[in-house]
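Order-wise, the sequence lines are chains A and B. With the first letter of the first sequence counted as 1, position 137 gets the number 137 in the numbering used here; the numbers rise by one all the way through. With the first letter of the second sequence counted as 1, position 135 gets the number 317 in the numbering used here; the numbers rise by one all the way through.
Keep in mind the hints are simulated off the structure, nothing from the lab. The reader is advised that the hints may include incorrect statements.
Stated by the list, open to error - Just so you have them, the derived chain B footprint on chain A, three or more residues with Cβ under 8 Å:
(1) 1–8
(2) 51–58
(3) 62–68
(4) 130–143
(5) 147–158
As the list claims (entries may be wrong) - Simulated coverage check for chain A against chain B, where a stretch passes if three residues somewhere in it have a Cβ under 8 Å from a Cβ of chain B:
(6) 71–80
(7) 164–171
Just so it is clear, CB atoms sit at the ideal spot from N, CA and C, and this is done for glycine as well.
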Amino acid sequence: MDTELIGRAQHGDEEAFASLAVAVGDRLHAVAHRILRDTDLAEDATQLALLAIWRDLPRLRDPARFDAWSYRLLVRACYAEGRRTRRWTPNVRLLPADEPEMAEGLSSVVDRDQLERGFRRLSIDHRAVVVLHHYLDLPLEEVADVVGVPIGTVRSRLHHAMRGLRAALEADARPAAQEVAR
Amino acid sequence: MSTDRDVTHIVRSWLEEGVTALPDRVLDSVLDQLPATPQRRAWWPARRLGEMNTPLRIAVAAVAVVAVAAIGINILLMNGGVGGPPSTPLPTATAAPTATAAPTPSPTLAPRLPTGQIPPGTYRHLFVTYTLPAGWGTPDSSGTTIFKGPATTPPSDMALDLWQNVATVYSDPCHWQTTAVHIGPTVDNLIAALVATKRGSTAPPVDVTIDGFQGKEIDLMVPLNVKFKGSSKATLCDGAQYKSMTDAGGGDRYNQAPGQHDLLDILDVNGQTWAIDRVFYPATTAADRAELQAIVDSIKITP
């Protein structure tokens, strides 16, 4: 991230912050959407996070830490949004025609649907760790810094989350198979 | 049966799908709100006075004394000196405004809080309008805190801080890195979380009403035996900080010293949980406490 731009925004330069927001907005929104699994909530969380970044930017001591710091504020905004509304979208299976191109590694529409439902069963604490590590590729030490918990807790959450997703993939597959058999 | 590696691969592929672009309308909305969203400066920079060595502290205090003396002499000269013409009276609710009077317009037209030392008068500050006597200041107009005196060092200084939607309370503020509690959105949620902290309250919470908005009041005190920093790592707080809460925007409340009080009035303002925090020490005088109370009594909530 451009530390000169961050420095100007820290001193109240709205134009510099606008450039900063354009540079990081998509990335923050993508993360929020993956944690919250809801477009409206993700937009609200991203907006909340960007305003928090603007408001607290003067308190950021080391501009080089901007990325991790901004993820920290975003995850907090996700907590706030998740807690505030709890207006999760219903567990409706997507129609194949509505779905994007199948990504490599996703064996079927069923996998995607199972993952969606399994992921929604996780708490936001657990979702955040999965997204930060497996989507942003942050090392576990950095994930711990972002979510503000010890690395042992991050490992535990990640283990629990992945076990839950694996169980969702396997357990949800069983009724489907039985249904086909009938 | 999938292997762990298969599951990881599937999850990573699944996460790659989906929304990435932030809609322009969201970005536009953020940028539109910037002029009305004050930036927070690192609050209470004077707190570092407590961390300075003694000679440096004396030097800083000497500079402050000289500055105050210079301002005082300047005021005396402007008013004709000691024994000269009487100074311009401070504005009151009934006094006619004069050219040198500090602004005291009606609450709806109150000016925003100025920077530095604040002339007595009525001001807008975040979600409140309040009337301040002489002697109060703020590091900058965008801060959340006002304080009495040239610094906010223990044992007798005091401050007033404003909080919007506290999102996290630390059940052990000394060991905040491992004790974060994410709390619900109501006044009762926040009160329950604060009562349950290791810091504890000095008395049971009581009902309070400020400018027609109802809520609860709770007095929290940093235990006198807590050690923020020192030579023995085993007894230190995490990061040598005592952190009691964090708001939804990521603003942290770090306490400054053992014995420090946070007398919190936590209000339900149209479904938002807003808090007015009176900060003082056991040695803060009764007169100063009364002054703090008078400021709170003057508060008009402006959602």
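Inset, instruction - Verify the coverage statement for the region 164–171 of chain A against chain B, using a C-beta to C-beta distance below 8 Å and requiring 3 or more qualifying residues. - result: n = 4 at 8 Å, threshold three: holds.
Legend entry - Three-residue Cβ test at 8 Å for the coverage of the region 1–8 of chain A by chain B: Result for this restraint: violated, n = 0.
Legend entry - Coverage assertion for the region 62–68 of chain A with respect to chain B, Cβ distance below 8 Å, three residues required: That given contact is violated, which follows from only 0 residues of the region 62–68 of chain A lying within Cβ reach (below 8 Å) of chain B.
Legend entry - Annotated coverage of the region 130–143 of chain A by chain B, confirmed only when three residues or more have a Cβ within 8 Å: That given contact holds, which follows from 4 residues of the region 130–143 of chain A lying within Cβ reach (below 8 Å) of chain B.
Legend entry - Coverage criterion applied to the region 71–80 of chain A (partner chain B; beta-carbon cut 8 Å; 3 residues): holds (count 6)
Legend entry - Coverage of the region 51–58 of chain A by chain B (three or more Cβ within 8 Å): holds (count 7)
Legend entry - chain B covers the region 147–158 of chain A, three or more CB atoms within 8 Å, holds or violated: Coverage by chain B holds here, the residue count being 4 at a Cβ distance below 8 Å.
Checked against the numbered hints given earlier, this structure breaks hints 1, 3; the rest are met.
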